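Chemist: What follows is each chain in one-letter form.
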Amino acid sequence: MSFPLGIGGVASGLICGLVFGFALERAGFGSATKLTAQLRFKDWAVFNVMFTAILVAAVGLYVLQLVGMVDIDQIYIPSAFLWATLLGGVGVGAGMSIGGYCPGTSVVGFCSGRIDALMFFGGLIFGTFIFAGAYDFLEPMLTALPAPEAQTLPELLGVPTWVVLGALIAVAATVGYLTTRKPAVSSTASA
Amino acid sequence: MSAMTSSSGPRPFWQPHLAGVLLGLGLLMTFVLTGHGLGASGFTTALAATTADVVAPATTESSSYWGPMFENGRNPLDSWITWQVIGAAIGALIGAMTAGRFQISYDGPVRLSKPKRLAMAFAGGAISGLGARISLGCTSGLGLSGAATLASAGFLFLGGFFITGAIIGLATRRIWQ
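Here the protein sequences come in this chain order: A and B. The opening position of the first sequence corresponds to residue 1 in the working numbering, with each subsequent residue numbered one higher. The opening position of the second sequence corresponds to residue 192 in the working numbering, with each subsequent residue numbered one higher.
Just to be clear, a hint being listed does not mean it is correct.
To be verified - Just a few of them, taken from the derived set where beta-carbon distance is under 10 Å, the chain B residues facing chain A: (1) Leu218; (2) Ala240; (3) Gly264; (4) Gly320.
As the list claims (entries may be wrong) - Label pairs and their computed distance ranges (CB to CB): (5) A:Ile7 to B:Lys307: 25 to 31 Å; (6) B:Gly291 to A:Tyr177: 30 to 36 Å; (7) A:Pro148 to B:Ile354: 20 to 26 Å; (8) B:Val245 to A:Gly166: 49 to 55 Å; (9) B:Gly258 to A:Gly166: 45 to 51 Å; (10) A:Val63 to B:Ala290: 29 to 35 Å; (11) A:Gly166 to B:Gln206: 21 to 27 Å; (12) B:Arg202 to A:Gln74: 37 to 43 Å; (13) B:Ser253 to A:Gly8: 27 to 33 Å; (14) A:Val163 to B:Pro201: 38 to 44 Å; (15) B:Met288 to A:Gln74: 33 to 39 Å.
None of these hints come from the bench; they were simulated from the model. These figures come from a predicted structure and were not determined experimentally. Cβ atoms here follow ideal geometry from the backbone N, Cα and C, with glycine treated the same way.
Put together the whole structure using the sequences plus the hints.
Modeler: Following this line, the structure appears as structure tokens:
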């Protein structure tokens with residue numbers, strides 16, 4: 001059997017989304033207080049959840065590729081445009097520190113009953129209108145300084161994939177050990 | 192706050208590494224089924240395009256940004272990402288309900304009044320929506336899913352996201368706690 005299966009239908013969208021939304025809710029990512037506590041370094045859940053998820057999926061893809069079950073050329077790898085990718089990250093980071101969410105977690109927030117998350121979602125639509133209005137002006141910047149297409153960290157650094165995975169696991173394990181040994185003392189706001 | 196709150200109160204959130212493993216397995220399943228990862232801002236873009244098209248169809252379909260999304264009678268909402276976001280909404284609702292956490296409430300910077308909190312949520316959303324279009328992806332599509340493929344784009348995005356978020360987060364910490 002060879003993956004990916006290329007299933008792009010309604011059922012696969014609903015099932016993948018269901019796990020996504022449920023995991024984010026269980027992690028506490030429907031709460032603006034919880035999410036932004038990471039940005040104030042009061043709670044390391046955002047870092048620990050994201051890095052664990054990234055590594056589970058990355059190691060899983062690596063192993064499935066090693067045993068010949070996944071054709072990595074069929075897996076979508078985004079390309080970087082240095083200015084646009086970085087500036088977009090700056091915008092989404094600023095958006096979370098000001099508004100409390102990111103696009104995905106705002107959906108989780110208002111499905112947990114949070115009115116501010118619904119406002120954030122409305123803001124996302126408004127921000128997309130601003131982008132569309134400024135598109136002709138922004139366009140030259142969007143594709144300036146492209147990195148090689150679909151470039152990965154192992155290609156960028158010229159090292160084998162397992163070295164990058166090992167280094168990321170070391171970082172995640174160290175941060176995880178230092179931040180989850182004792183329960184967080186400070187914020188009880190969303191516990 | 193609410194009389195509906197059960198006497199035992201909401202259950203605690205999952206331990207972060209446990210939630211991370213479930214999220215990672217869901218992401219791996221998505222790659223294996225579809226060949227791509229999870230996302231969110233692709234849906235808000237399609238929703239914004241459709242809203243613009245309902246309000247002003249002629250202007251929208253001739254716009255340099257929206258226009259190509261409607262070529263040959265296409266509907267931007269007719270897409271996998273729409274079903275994935277609907278699934279995520281249902282999954283979050285199930286998660287909140289079954290943990291006794293669903294409650295109509297106003298989260299956000301606790302030192303500010305409700306109208307100010309809502310204004311900040313809207314402003315933050317607008318900045319986030321603009322940013323996610325500039326980078327062609329958000330924390331889900333580019334940060335989480337991109338980094339899982341070890342794409343340098345994913346890590347560049349996450350660097351900009353965390354550094355900016357932390358600078359503003361620390362500068363504004365007094366209104367949040």
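Chemist: Now tell me, hint by hint, if it's right for this structure.
Modeler: Structure-based check of each hint:
{"no.": "1", "hint": "Leu218", "in the structure": "holds, 4 Å"}
{"no.": "2", "hint": "Ala240", "in the structure": "holds, 8 Å"}
{"no.": "3", "hint": "Gly264", "in the structure": "violated, 20 Å"}
{"no.": "4", "hint": "Gly320", "in the structure": "holds, 3 Å"}
{"no.": "5", "hint": "A:Ile7 to B:Lys307: 25 to 31 Å", "in the structure": "violated, 45 Å"}
{"no.": "6", "hint": "B:Gly291 to A:Tyr177: 30 to 36 Å", "in the structure": "holds, 31 Å"}
{"no.": "7", "hint": "A:Pro148 to B:Ile354: 20 to 26 Å", "in the structure": "holds, 24 Å"}
{"no.": "8", "hint": "B:Val245 to A:Gly166: 49 to 55 Å", "in the structure": "holds, 51 Å"}
{"no.": "9", "hint": "B:Gly258 to A:Gly166: 45 to 51 Å", "in the structure": "holds, 47 Å"}
{"no.": "10", "hint": "A:Val63 to B:Ala290: 29 to 35 Å", "in the structure": "holds, 32 Å"}
{"no.": "11", "hint": "A:Gly166 to B:Gln206: 21 to 27 Å", "in the structure": "holds, 24 Å"}
{"no.": "12", "hint": "B:Arg202 to A:Gln74: 37 to 43 Å", "in the structure": "holds, 40 Å"}
{"no.": "13", "hint": "B:Ser253 to A:Gly8: 27 to 33 Å", "in the structure": "holds, 29 Å"}
{"no.": "14", "hint": "A:Val163 to B:Pro201: 38 to 44 Å", "in the structure": "holds, 43 Å"}
{"no.": "15", "hint": "B:Met288 to A:Gln74: 33 to 39 Å", "in the structure": "holds, 37 Å"}
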